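Enquirer: So you can see what is in the structure, the chains are spelled out below.
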Amino acid sequence: MAVANPLNTPIPSEPNFKPRSLRAHRLLLLPVSLAVMLLVWQSAIWINGFPAFILPPPARVWQRMIIALSDGTLLRHTAITLSESLGGLAVGLAVAAALGYLLARSRTVERLLAPYIVASQSVPVVAIAPLLIIWFGSGLTSKVLICALIVFFPVLINVIVGVRSVEPDLRDLMRTLRANRWQLFFHLELPAAMPMLLGGLKIGATLSVIGAVVGEFVGPNNGLGSLITAARNQFDTALVFVAVIALIAIAMGMYGTVALLEKILLAWKD
Amino acid sequence: MTPVLSIQHASLVYPNGNGGLLALDNLSFDVAPGEFVCVIGPSGCGKSSMLKLFSGLRRPTEGQIIFEGEPLVHPRRRIGVVFQKANLMPWRTVLQNITLPLELERVPGEAAMSRARELVELVGLAGFENARPRDLSGGMEQRVAIARALVHRPDVLLLDEPFGSLDALTRERMHLELLRIWDRYRKTVIMVTHSISEAILLADRVIVLTARPGRLRADLPIRLPRPRTLEQVFTPEFGALVTQVRAAIE
Ligand SMILES: Nc1ncnc2c1ncn2[C@@H]1O[C@H](COP(=O)(O)OP(=O)(O)OP(=O)(O)O)[C@@H](O)[C@H]1O
Ligand SMILES: [Mg+2]
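Order-wise, the sequence lines are chains A and B.
Here the first sequence is numbered in our numbering, starting from 1 and rising by one per residue.
Here the second sequence is numbered in our numbering, starting from 271 and rising by one per residue.
Same shape as in the complex, but just chain A (with noise of 0.2 Å):
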């Protein structure tokens, strides 16, 4: 727009007012977190003498995963869990936001599935588990399926008190405005509650992934939490080492591009 607009030049943002060499500390701190994290490991290893089916070296684990990098497996086996924790969350998501939703718009659907939900709630996961892989097989529908019941409910509360938290004001000037249902979803609820879903997302990311890893344990056949049982049972520790490292990978990489979303989404907050 050709208007004039004060309020468009980029305000500085608060890090910047620091002076440089505590940035330049802030960014110092992962590595030299990281190189004290491998000290501290392979101190553990020189002063204790674990052998390496207990605590294999760093360089060990470095080597393994070179390994199980360039024969496929590592790849293979974290494309497995990555799609089971994405289908996990992605239907997880779906249904936690759908019944959210009217949950918090109905106090007679509140009324009849709340004491189901909470119910539902004091069942471990790892518990129902090996059902789902009785009725499901071993295969992607039930791994999908376990991630999706951890990750349901995290979503579905936030869900919940984000549709609740939008302001009774702002519901009655869409009714004097004459908003219809949708219209009242989508330009009011929906851009209300996104703080509060995202929020939900961001656990659900990350606890997506311990689904998998459940399932996989339960019913191994593919993916990291099957190769951590398979490696174990060979006292190949190295290799569990990597599974973890990459499983680290993939919680962080869903959890950062939920971030990253958020960010664009809820620029208007600050």
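Mixed in with the good hints there might be a few duds.
Unchecked claim - Which bits of chain B does chain A cover? Going by a derived footprint, with three or more residues having C-beta under 8 Å, they are: (1) 346 to 358; (2) 369 to 381.
To be verified - Just the calculated beta-carbon pair ranges, DEER-fashion: (3) Arg175(A) with Phe504(B): 41 to 49 Å; (4) Gly290(B) with Val109(A): 23 to 31 Å; (5) Arg404(B) with Ile245(A): 37 to 45 Å; (6) Glu520(B) with Ala267(A): 47 to 55 Å; (7) Arg111(A) with Gly339(B): 40 to 48 Å.
Hint data in this document are derived by calculation from the structure and do not stem from the laboratory.
Computed from a predicted model, the values in this text were never measured in an experiment.
Using N, Cα and C, we set each Cβ at its ideal position, and we do this for glycine too.
Place chain B with the ligands on chain A using the hints.
Expert: Coordinates of chain B with the ligands only, in the frame set by chain A:
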């Protein structure tokens, strides 16, 4: 002249634990087309509740609201509301907040934009089209709310203490702006206020309500010449009216 809006024997009871809370009691008055009516009364006497009835957001427990000859049973697009709070959507820019009523009516984007720009000019917010509500002062927010209420050209404007939270200087500027807008479009206005001088400065008529439950205490015509200016506040006529309204309140 037939009234645009009338409130007829309206009572409003809010349900509570013991038998309900009577907010308005048998309230009746008419508002003529193009009339500027200010409503004044003690805090908690039911002024906002009365506007809720006029806007169709709530229905009276007894009695009725008549809008253009027919009972008002739900909100109408032709009745615009400015709430006590600005009620802007924080995720929308100033311009997007103002176009909201047009978007809901599916007015094409270009037409909506140019209409919204007119209103941005009118309320003196040129240059702030793309600002977000969080970057605005309280007075600016309230002006956006007024622009939003005017954008789809409602015939009636309901204002609930729209300048309540503003400092004295901004308040005076807003008074002049509102008078200018009213002079230009001659809408029917019902405005709730706590300020006696604000009511007299703006209105053709000042309605005084009693403490809760709100009943009609007085209905005073304000026959000051228009267009009104801030200097009129210092005239003896103005002073006499202030005394009269104050007497009605106490
Ligand atoms: N939604 C509601 N439910 C129950 N009671 C309500 C509700 N809204 C208002 N009341 C009560 O009705 C009475 C009138 O409230 P209202 O907000 O209409 O007063 P008001 O004249 O606008 O007050 P103020 O000048 O402080 O804005 C008050 O006692 C209030 O507590
Ligand atoms: Mg009020």
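Enquirer: Each hint needs a verdict: does it hold in this structure or not?
Expert: We went through each hint and held it up to the structure:
1. 346 to 358: holds (count 8)
2. 369 to 381: holds (count 4)
3. Arg175(A) with Phe504(B): 41 to 49 Å: holds (42 Å)
4. Gly290(B) with Val109(A): 23 to 31 Å: holds (28 Å)
5. Arg404(B) with Ile245(A): 37 to 45 Å: holds (41 Å)
6. Glu520(B) with Ala267(A): 47 to 55 Å: holds (52 Å)
7. Arg111(A) with Gly339(B): 40 to 48 Å: holds (43 Å)
No hint from the list above goes unmet by this structure.
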